[in-house]
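Asker: With UniProt numbering, the residue at position 179 of the sequence shown is 179, and numbering never jumps.
One or more hints might be untrue.
Said to hold, decoys possible - Calculated lysine-lysine pairs in the DSSO-like style (CA-CA distance at most 27 Å, straight line):
no., residue 1, residue 2
1, Lys512, Lys484
2, Lys401, Lys357
3, Lys357, Lys500
4, Lys702, Lys824
These aren't lab readings, by the way, just hints derived from the structure by calculation. Predicted model only: the values in this text are computed from it and were never measured.
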Amino acid sequence: MGASHKRTLRQYPLLNLCFMRATSNVVVVGHGMVGHRFVEALRSRDADGTWRVTVLAEETDAAYDRVGLTGYTEHWDRGLLALPGNDYAGDDRVELRLGCAVAEIDRTTKTVLTAGGDRIDYDALVLATGSYAFVPPVPGRDLPECHVYRTLDDLDAIRADAMRAMDGGRAPVGVVIGGGLLGLEAANALRQFGLQTHVVEMAPRLMAQQLDEAGGALLGRMMTELGIAVHVGVGTESIQPAQRNRPLRRSAEDNSVRVTLSDGTIIDAGVVVFAAGVRPRDELARTAGLAIADRGGVLTDLSCATADPNVFAIGEVAAIEGRCYGLVGPGYTSAEVVADRLLGGGAEFPEADMSTKLKLLGVDVASFGDAMGATPQCLEVVVNDAVNQTYAKLVLSDDAKTLLGGVLVGDASSYGILRPMVGEELPGDPMALIAPTGSDSGGGGLGVGALPPAAQICSCNNVTKGDLTQAIAGGCCDVPELKKCTLAGTSCGSCVPLLKQLLEAEGVEQSKALCEHFSQSRAELFSIVSATSVRTFTELIERFGTGKGCDICKPVVASILASTSSEHILDGEQASLQDSNDHFLANIQKNGSYSVVPRSPGGEITPEQLILIGEIARDFDLYTKITGGQRIDMFGARVDQLPEIWRRLVDGGMESGHAYGKALRTVKSCVGSTWCRYGQQDSVQMAIDIEHRYRGLRAPHKIKMAVSGCARECAEAQSKDVGVIATEQGWNLYVCGNGGMSPRHAQLLAGDLDDETLVRYIDRFLMFYIRTADRLQRTAPWLEAMDGGLDYLREVVCNDSLGLAAEFEEAIERHVAGYACEWKGVLDDPNKLSRFVSFVNAPDVADATIEFTEQSGRKVPIGMPKVRG
Numbered sequence: 001m002g003a004s005h006k007r008t009l010r011q012y013p014l015l016n017l018c019f020m021r022a023t024s025n026v027v028v029v030g031h032g033m034v035g036h037r038f039v040e041a042l043r044s045r046d047a048d049g050t051w052r053v054t055v056l057a058e059e060t061d062a063a064y065d066r067v068g069l070t071g072y073t074e075h076w077d078r079g080l081l082a083l084p085g086n087d088y089a090g091d092d093r094v095e096l097r098l099g100c101a102v103a104e105i106d107r108t109t110k111t112v113l114t115a116g117g118d119r120i121d122y123d124a125l126v127l128a129t130g131s132y133a134f135v136p137p138v139p140g141r142d143l144p145e146c147h148v149y150r151t152l153d154d155l156d157a158i159r160a161d162a163m164r165a166m167d168g169g170r171a172p173v174g175v176v177i178g179g180g181l182l183g184l185e186a187a188n189a190l191r192q193f194g195l196q197t198h199v200v201e202m203a204p205r206l207m208a209q210q211l212d213e214a215g216g217a218l219l220g221r222m223m224t225e226l227g228i229a230v231h232v233g234v235g236t237e238s239i240q241p242a243q244r245n246r247p248l249r250r251s252a253e254d255n256s257v258r259v260t261l262s263d264g265t266i267i268d269a270g271v272v273v274f275a276a277g278v279r280p281r282d283e284l285a286r287t288a289g290l291a292i293a294d295r296g297g298v299l300t301d302l303s304c305a306t307a308d309p310n311v312f313a314i315g316e317v318a319a320i321e322g323r324c325y326g327l328v329g330p331g332y333t334s335a336e337v338v339a340d341r342l343l344g345g346g347a348e349f350p351e352a353d354m355s356t357k358l359k360l361l362g363v364d365v366a367s368f369g370d371a372m373g374a375t376p377q378c379l380e381v382v383v384n385d386a387v388n389q390t391y392a393k394l395v396l397s398d399d400a401k402t403l404l405g406g407v408l409v410g411d412a413s414s415y416g417i418l419r420p421m422v423g424e425e426l427p428g429d430p431m432a433l434i435a436p437t438g439s440d441s442g443g444g445g446l447g448v449g450a451l452p453p454a455a456q457i458c459s460c461n462n463v464t465k466g467d468l469t470q471a472i473a474g475g476c477c478d479v480p481e482l483k484k485c486t487l488a489g490t491s492c493g494s495c496v497p498l499l500k501q502l503l504e505a506e507g508v509e510q511s512k513a514l515c516e517h518f519s520q521s522r523a524e525l526f527s528i529v530s531a532t533s534v535r536t537f538t539e540l541i542e543r544f545g546t547g548k549g550c551d552i553c554k555p556v557v558a559s560i561l562a563s564t565s566s567e568h569i570l571d572g573e574q575a576s577l578q579d580s581n582d583h584f585l586a587n588i589q590k591n592g593s594y595s596v597v598p599r600s601p602g603g604e605i606t607p608e609q610l611i612l613i614g615e616i617a618r619d620f621d622l623y624t625k626i627t628g629g630q631r632i633d634m635f636g637a638r639v640d641q642l643p644e645i646w647r648r649l650v651d652g653g654m655e656s657g658h659a660y661g662k663a664l665r666t667v668k669s670c671v672g673s674t675w676c677r678y679g680q681q682d683s684v685q686m687a688i689d690i691e692h693r694y695r696g697l698r699a700p701h702k703i704k705m706a707v708s709g710c711a712r713e714c715a716e717a718q719s720k721d722v723g724v725i726a727t728e729q730g731w732n733l734y735v736c737g738n739g740g741m742s743p744r745h746a747q748l749l750a751g752d753l754d755d756e757t758l759v760r761y762i763d764r765f766l767m768f769y770i771r772t773a774d775r776l777q778r779t780a781p782w783l784e785a786m787d788g789g790l791d792y793l794r795e796v797v798c799n800d801s802l803g804l805a806a807e808f809e810e811a812i813e814r815h816v817a818g819y820a821c822e823w824k825g826v827l828d829d830p831n832k833l834s835r836f837v838s839f840v841n842a843p844d845v846a847d848a849t850i851e852f853t854e855q856s857g858r859k860v861p862i863g864m865p866k867v868r869g
């Protein structure tokens with residue numbers, strides 16, 4: 001932008017006149033995230049009521065979290081994405097008009113004309129029209145199967161076409177054109193619908209604006225292994241209606257489209273989504289004669305003012321000194337700048353933070369600062385771990401002392417610490433910051449305490465560590481108070497873990513609140529649910545919490561509800577709270593397919609059941625493996641095959657093994673006294689009895705058990721959450737052994753128990769754990785954190801020191817009486833089955849397969865479902 005466009009507030013006599021009036025009117029065109037932030041910022045600072053605000057929104061939905069748009073596909077509840085306070089209830093100085101598009105701006109009369117014919121006066125006009133999805137000029141882009149990925153209405157339309165595709169009317173395939181941030185979110189949505197998904201990107205790698213070549217290559221491999229076909233370095237030549245007589249699917253009519261890529265690849269698809277970027281919605285400004293940047297967007301100076309001193313532009317439509325910013329953080333900053341300017345301040349737009357962090361299907365990606373190493377003479381430190389599929393790069397100054405930027409793929413746990421350090425001198429060896437440590441803290445053990453006060457903790461809202469420490473000194477003692485006081489963590493949320501770390505670093509004792517929506521701990525919420533008639537998340541949060549919930553409290557409450565009743569986990573509202581595995585009652589694997597594990601109590605299985613499993617594996621072309629828990633796992637099932645596989649297993653007398661749930665997984669056994677000459681007790685029958693008793697029991701984390709028939713310990717009971725070892729007099733009971741990253745041996749709780757006492761003690765132990773453990777806490781760390789340790793646990797379980805033994809046992813008896821196979825519960829209930837209707841009704845797709853290769857005589861999946869064109 002030339003110097004002639006830079007002005008100060010003193011050069012705006014018309015705008016200065018507004019400040020001398022009792023009340024002036026600002027009209028905001030657009031009610032997205034940035035438009036809403038502007039209204040909030042202005043109203044929170046305008047104590048004298050200088051401005052009245054009129055918001056004109058083209059969409060019929062008030063401001064919602066567009067950054068979290070993909071989350072809409074998990075619950076289809078628009079209200080859950082609504083931004084707090086987006087209706088301005090109780091504020092008589094704000095008028096919100098939804099579904100009210102602006103047709104014209106008349107700068108001479110300082111009015112806007114709505115599409116409905118209303119003319120509204122303004123003293124200041126703020127353009128927050130955002131952007132629209134760019135659709136490249138591909139022949140066929142206007143076909144009804146083609147969509148953009150921008151609004152809630154867009155997702156509803158995509159969902160409708162995806163369901164038709166899965167129901168047999170079209171190819172069960174989705175194509176996303178564009179491999180940037182938005183494209184990968186769209187691919188994630190199509191993948192959740194059950195579609196085989198392709199991503200087409202013209203650049204040589206995914207997320208080309210954020211990732212370097214190595215990072216993009218790793219992301220591409222990881223997406224491929226998740227079942228998403230990635231096509232990079234190619235364009236889209238055309239989209240045409242598929243041949244109607246082509247026997248693609250056994251359906252009445254094929255309404256698919258044929259997508260032809262520039263390398264000759266042909267993909268027959270039922271849904272096509274364009275996510276090839278966005279363009280500023282600057283048409284109103286163009287028509288009004290405002291200056292437009294060379295690449296689009298309303299041209300502004302650093303005050304976000306246009307050539308017209310009474311018109312401002314914020315968010316994605318603003319070309320600030322000629323540059324548009326497509327992230328919410330810079331958009332919020334522009335909103336704050338204009339709010340300050342309207343109240344007589346001199347704020348200017350600072351250098352924008354273009355850091356991004358993404359997590360889709362369990363894949364972490366982040367970039368920050370000068371991620372591409374564009375700074376002259378810069379140095380790069382790289383750790384590329386192909387085995388563990390992680391990539392980390394730091395860009396440093398030429399003296400290797402100052403952090404300039406970085407890229408993280410596969411493990412972005414260091415992002416929270418590293419991003420605020422951009423521009424700062426590093427506290428130590430840069431390699432130590434990204435080298436794998438086996439810790440969940442990230443940053444190579446570097447804590448938030450090492451950051452300088454000027455480090456920006458929340459880039460969305462421009463909150464520094466110094467701002468946060470001042471708030472803590474002023475009395476903020478928990479994360480919700482910090483968020484309310486500073487606005488940190490109220491946008492994308494990626495900095496929230498740092499807020500808790502900072503509180504701890506400042507010596508503030510933290511509450512045991514589950515999350516910002518529940519002040520109670522998990523154990524307290526369990527007691528509330530047990531003592532009340534609350535049976536839904538909505539009722540619980542309305543009566544005992546605040547807000548709408550989050551990814552922390554929802555699955556926790558789902559687990560509590562499942563642990564306190566025999567209701568099916570997909571009943572009603574419960575279904576929307578489940579994670580991806582429980583959502584489909586199967587384990588998702590790295591190639592995007594699912595595994596099916598029927599229960600084999602104690603490892604015992606009949607010849608008929610073996611034959612049935614073999615026939616199913618043969619008919620569905622599944623890979624089979626005997627697991628460490630003495631069950632047979634069938635890998636490679638598509639989502640649409642699951643109900644039919646379940647039906648055949650249930651009809652054959654088998655049931656769900658709950659391999660997908662935070663519940664009892666297996667009870668392993670040796671052959672015991674039935675066959676073994678060393679066996680002292682019948683370990684097989686005991687394992688079967690225990691597994692039948694506790695099958696389906698939901699818990700804070702998975703539970704594994706084992707029963708060994710003698711001290712030789714062939715069932716490895718001392719590595720389990722509950723381990724039972726036979727003695728000459730009865731059974732020894734061991735508890736709280738775990739495998740995993742930090743293996744623990746189980747500890748002896750009681751010895752020489754008879755059958756009845758053994759079961760009573762296990763009842764009490766399990767219910768005590770389920771009631772008091774934290775979310776995702778295995779039994780070993782639960783015991784380690786317990787005051788009094790094993791001795792205290794023994795007093796509770798064996799000596800009933802809390803007087804709760806009878807209650808614990810009754811809870812288990814209720815569970816036993818109410819148990820039902822979850823697979824069968826879906827098959828027998830039309831309402832639940834409707835969640836899988838697209839999978840149940842879809843006929844076999846002969847040209848959609850999971851391909852295998854031979855490695856050392858083993859059948860190994862190549863890594864992705866492939867569709868032969």
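Asker: Each hint: holds or not?
Answerer: Hints and how they fare:
| no. | hint | in the structure |
| --- | --- | --- |
| 1 | Lys512 x Lys484 | holds (19 Å) |
| 2 | Lys401 x Lys357 | holds (24 Å) |
| 3 | Lys357 x Lys500 | holds (19 Å) |
| 4 | Lys702 x Lys824 | holds (22 Å) |
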